[in-house]
Amino acid sequence: MMQGRAWRFGDHINTDLIIPGRYLDDPSPSNLAAHAMEDADPTFPRQVRQGDVIVAGRNFGCGSSREQAPVALKSAGVSAVVAGSFARIFYRNCINVGLPVIICPEAGSMVRTWDVIAIDMSRGEVALASGERLSFAPLPGFLLAILEEGGLVPYTRARLKGR
Amino acid sequence: MGILVRAIMVPRTFAEKVLSRASGKDARTGDIVTARIDLAMSHENSLLVLTAFREMGAGRIWDPEKVVLLFDHRVPANTVKAAGGHKTVRDFVRSSGIPNFYDFREGVCHQVLPEKGHVLPGMLVVGTDSHTTTYGALGAFSTGIGATEMASVWATGDLWLRVPETLRLVLRGPLPEGTSAKDVSLRIIGDLGSDGADYQCVEYTGPVVDGLSLSGRMVLSNMSVEMGAKAGICFPDRKTLDYVSHRSRAKLAPVTSDQGAELRETVEMDMSSLGPQVAKPHAVDNVVAVEEVAGTPIDQAFIGSCTNGRLEDLEEAERLLRGRQASPKVRLIVAPASRDVYIEASEKGILASLARSGAVILNPGCGPCLGAHEGLLAPGERCISTTNRNFKGRMGSPEAEVYLASPATVAASAIKGEVADPREVRA
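Chains A and B, in that order, are what the protein sequence lines are. For what it's worth, the numbering used here labels the leading residue of the first sequence as 203, then goes sequentially. For what it's worth, the numbering used here labels the leading residue of the second sequence as 5, then goes sequentially.
Extracted from the complex, chain B is given alone in its bound form (with noise of 0.2 Å):
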């Protein structure tokens, strides 16, 4: 009865509500607690979970409907050694009936996940991937975690999760044209560094944020990890459940922070003049607007991943690139982030135009984001991307240069074969 009273009387954080109702505890900001988890994601490094899984000694899946497992980092297997990983993995998921699995053909995780339906406001979600907190974006409270301590959520269904702080930045409008989600990311992440956000549950609020589509807002909450977040969070709206409501018939409990809420601290980002930002290697925090970086010649540019392979970046990209060439001197790659993605696209003519254009289309997946196959980058090569990372030797050789930016600014920077602004090709 006490703890039901002071639940009622004091304004809870969205964090708080959410890992109280996963404890079964009065969970408050800096409390370490136990909580179940409602549902657990792994990639290839499923292969590295199963190992510990079996290592520990466990015997069964605590709960085979709340695991997803799927394959996005190297698809179709590029390496003897990675189909190897496949294979042990497919054969598991045989054995042990775990009834939501996605082979190969399926897309990136961040994108397969909300798209089938798994991920519904309110959740408590944790994936063996750092960009895990891309979930936020419709309302879960949903973050990165390793691979041994994901075989122990498998045994044992909960994790030890300390209560984070919150910090809610609340981002006024309106967003001038031909700037995008990943534009304001980026801002915000070049104004509060690479470790601005460390531990803390990042709420984004005000008009930029209900503007923005799920799509859009999935960029925000994907890229909340670039400032060491542990989870990047837009409140659920109508856009939320009307996305969420297509493709699940589960009951919705929407979770949002109280009134009146204990905070971190609040930050006002004022909007209305940004322009495209690009990040300079080799850190995500180097941002710059375009203009500064504006006419530095590039050799390959990449449409793609989890942070902007979704279908208005592809649009977005296309739009420019439409009846134009890309450069003859850039590589330019685009990566569907999924099927639908893919399908959809392509019903439409875009794949088509943006082949037209000169572009090598990719299979759905991670593809070159994270250096593994499919366009790794030469010494002395200099690439443009929509990814989230630009790190030494990320998408490549460690003599190599990433510079990360909006897809319009790439599909710009690939018709001028140098970083563009995206506003002047257009006109």
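Next comes chain A alone, as it looks inside the complex (with noise of 0.2 Å):
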């Protein structure tokens, strides 16, 4: 269960936007970090909190297969990505670094910017501000158990060890 403030985003917010590609050069999540989402919102990196949680439209996170946007996400503190539809590499990526990600057209017109909502992953549930719950089809076993482990790294680190 993670519970957090909501950042509101539109439709297709590139990986650009995420983590320009003029801040690659150093790939220290403390970096990225301090420039996360800054093209889409320059607020965003002051003012982000541990446990935020970004609410977007379709196809978040479409353009680059750089991995920095997720980390960026994560190192800043945002605790899971809600959105109508992802890109799917950027999808793949989330679960690979740990940073759960839901599907949920619904919330994109239901939450505002600051509203608390709560995720329930095993679920699939989403509590809004209001009360309200929107469900979302959960993820499938394998990578729940990725993102449970705390990622791929981990997860393939037992899994080698196991052999």
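Note that these hints are calculated values from the structure, not bench results. Be a bit skeptical, because a hint or two may be false.
One side only, chain B facing chain A, incomplete, derived with CB under 7 Å [to be verified]:
{"no.": "1", "residue": "59"}
{"no.": "2", "residue": "60"}
{"no.": "3", "residue": "83"}
{"no.": "4", "residue": "86"}
{"no.": "5", "residue": "90"}
{"no.": "6", "residue": "133"}
{"no.": "7", "residue": "234"}
For each label pair, taking beta carbons as the anchor points, the in silico distance ranges come out as [stated by the list, open to error]:
{"no.": "8", "chain 1": "B", "residue 1": "328", "chain 2": "A", "residue 2": "243", "range": "39 to 45 Å"}
{"no.": "9", "chain 1": "A", "residue 1": "316", "chain 2": "B", "residue 2": "256", "range": "37 to 43 Å"}
{"no.": "10", "chain 1": "A", "residue 1": "247", "chain 2": "B", "residue 2": "80", "range": "50 to 56 Å"}
{"no.": "11", "chain 1": "A", "residue 1": "312", "chain 2": "B", "residue 2": "251", "range": "52 to 58 Å"}
{"no.": "12", "chain 1": "A", "residue 1": "244", "chain 2": "B", "residue 2": "279", "range": "37 to 43 Å"}
{"no.": "13", "chain 1": "A", "residue 1": "316", "chain 2": "B", "residue 2": "285", "range": "28 to 34 Å"}
{"no.": "14", "chain 1": "A", "residue 1": "312", "chain 2": "B", "residue 2": "430", "range": "52 to 58 Å"}
{"no.": "15", "chain 1": "A", "residue 1": "339", "chain 2": "B", "residue 2": "69", "range": "38 to 44 Å"}
{"no.": "16", "chain 1": "A", "residue 1": "359", "chain 2": "B", "residue 2": "279", "range": "52 to 58 Å"}
{"no.": "17", "chain 1": "A", "residue 1": "243", "chain 2": "B", "residue 2": "292", "range": "25 to 31 Å"}
{"no.": "18", "chain 1": "A", "residue 1": "316", "chain 2": "B", "residue 2": "319", "range": "53 to 59 Å"}
{"no.": "19", "chain 1": "A", "residue 1": "247", "chain 2": "B", "residue 2": "64", "range": "50 to 56 Å"}
{"no.": "20", "chain 1": "B", "residue 1": "36", "chain 2": "A", "residue 2": "350", "range": "15 to 21 Å"}
{"no.": "21", "chain 1": "B", "residue 1": "252", "chain 2": "A", "residue 2": "339", "range": "40 to 46 Å"}
Incomplete in silico selection of chain B near chain A, CB under 10 Å [to be verified]:
{"no.": "22", "residue": "55"}
{"no.": "23", "residue": "100"}
{"no.": "24", "residue": "105"}
{"no.": "25", "residue": "134"}
{"no.": "26", "residue": "230"}
{"no.": "27", "residue": "252"}
{"no.": "28", "residue": "255"}
{"no.": "29", "residue": "289"}
{"no.": "30", "residue": "377"}
{"no.": "31", "residue": "399"}
Cβ atoms here follow ideal geometry from the backbone N, Cα and C, with glycine treated the same way.
Take the two lone chains and join them into the complex the hints point to.
Right, dumping it as structure tokens:
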């Protein structure tokens, strides 16, 4: 169960907006966090707090395969991304770095910035500030397992050890 | 036996056939399979792959022959940090015996891999770059993945993939004079939207595709990801087999969709009256006919990238620029996609001609496409570019604007100092 303040964004938020290419020569999480979302909302890097949730429209994370995009969000404190739909590489990258992703098209129109929302990944439920609940299809078991391990690195480490 | 009989009876899509072969299972659309990877490409972000690979506690690469590494995004190194990243990867390549490593000189991955014969029809290819879809032009199922999952591929040789639905585009022609594969691609993305092919395997078919060179087909496959596609395929034909057999001695096993295979949708598009197309800022699907934006002043014009930095692109631009000067208001920048392209364009006099017209010729590489170096934009500036993305901040300042177009349109615009119709400049 996660709970956090919502940041609302629109459709087609691309990976250049999430972390611009001009900052990618330094892959350290602190550098990425310092510039997360700054071209979409310059206040984001300063005002984001641990546990905040991004709520966006269609095609979130379109563009480059850069894994620095979900790393930037996670390092900045974002606990989950809820969107109407995701671009496929970004979606995979989120799971692989241990950042929960939720496909929930209704959330975009019902959540406002600073609403506090709660997410239950295994039940597939978003609880809104109003008390209303939205359901989403839970991730397939093996993806949930990767998330629960904290990402693909610890998951594969365990898998390799088990061999 | 049961699986075998079904495999013979039921017509299959290209995606199903490649992923069945790679997973050893009867893979149907919508299934999630664990597939063996035939070829795994990484560029500078191999540094991230390597970091994750070590953190996983993986000892050695599952099959070093199947890994190709190269540097193209920041070559020669543009910062001390980038240089450090290159050095770490170089040291790893030497110690781990990866035979296929192209250092800073060879060019953009999506030109170098086909050119060096690494990509074959029917292969399952993954790369830590979204434009890995490019190799679909050779009939490979080829898609972009992230760095951490590439580390897992290095360790295990396999990857989970969902078998995608298939969207078939039938492109009717003939393509009018003055238009090229880039115009076709921009028109398709403009019509379908930037998530119009989300998660799909797009099959490009029809007379327009048959008529395109491999370079032109690479433009279509390359840009597929700009409408969300997982892969963008051109089925192999005589041209494909000629291209590949000049570069590889491997036995070829081309794959096509079966007649009657179940497709999500077939869309017919008539390209016979297509004119030059331009994607306006800040979205690739914000596409209009060039006439609608002609006259918009520009500060920079860029010809290059994994989309349009190939020999025929440089030739197309040079035909317009030959004997003319780029507008003094415009910084014209040209980056051949690879060393081979650079050498060939140089020997044909194309680079000298472009330089006479005022172009700055960069080394082969991604150059300014991703806003890393070699020609960033200042606030308020406008660039017209043959690249693949015009997102806010893509080529420098978030207050700059990027217009996407074909090499001919970019060359015509460089001459006029404003967005221009190549058919008028040519006349």
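* **Beta-carbon spacing of residue 312 (chain A) to residue 430 (chain B) - inside the hinted bounds 52 to 58 Å or not** => holds, 54 Å
task: Verify the interface restraint on residue 86 (chain B): the C-beta must sit less than 7 Å from at least one C-beta of chain A.
output: Hint holds; residue 86 (chain B) Cβ to chain A Cβ min 5 Å, cut 7 Å.
Q. Regarding residue 247 (chain A) and residue 80 (chain B), is the given constraint of 50 to 56 Å on their beta-carbon distance met?
A. Because 31 Å falls outside the window, the suggested range is violated.
Looking only at beta-carbon atoms, does the pair residue 36 (chain B), residue 350 (chain A) fall within the given range of 15 to 21 Å? holds, 18 Å
Original post:
Does the Cβ-Cβ separation between residue 316 (chain A) and residue 285 (chain B) fall within 28 to 34 Å?
Top reply: Given range 28 to 34 Å: holds, Cβ gap about 30 Å.
Item to complete: Indicate whether the distance between the beta carbons of residue 359 (chain A) and residue 279 (chain B) respects the range 52 to 58 Å.
Response: holds, 55 Å
- Item | Hint validity - residue 377 (chain B) Cβ closer than 10 Å to any chain A Cβ | Given a least distance of 9 Å, the restraint on residue 377 (chain B) holds.
### Query
Should the hint that residue 133 (chain B) touches chain A count as held when the rule is a Cβ pair under 7 Å?
holds, 6 Å
Query raised in the report: Does residue 289 (chain B) pass the interface hint, meaning its C-beta sits closer than 10 Å to a C-beta of chain A?
Result: holds, 9 Å
*asked:* Holds or violated: the 25 to 31 Å window for the beta-carbon distance between residue 243 (chain A) and residue 292 (chain B)?
replied: holds, 28 Å
Discussion item. Can you verify the interface hint for residue 230 (chain B): is its Cβ closer than 10 Å to any Cβ in chain A?
Written reply: holds, 8 Å
Inset, instruction - May I ask you to test the interface hint for residue 59 (chain B) with respect to chain A, counting a Cβ-Cβ separation under 7 Å as satisfied? - result: Constraint on residue 59 (chain B) satisfied, holds at 5 Å.
Checked against the numbered hints above, the structure violates hints 5, 9, 10, 19, 23, 24, 27 and 28; every other hint is satisfied.
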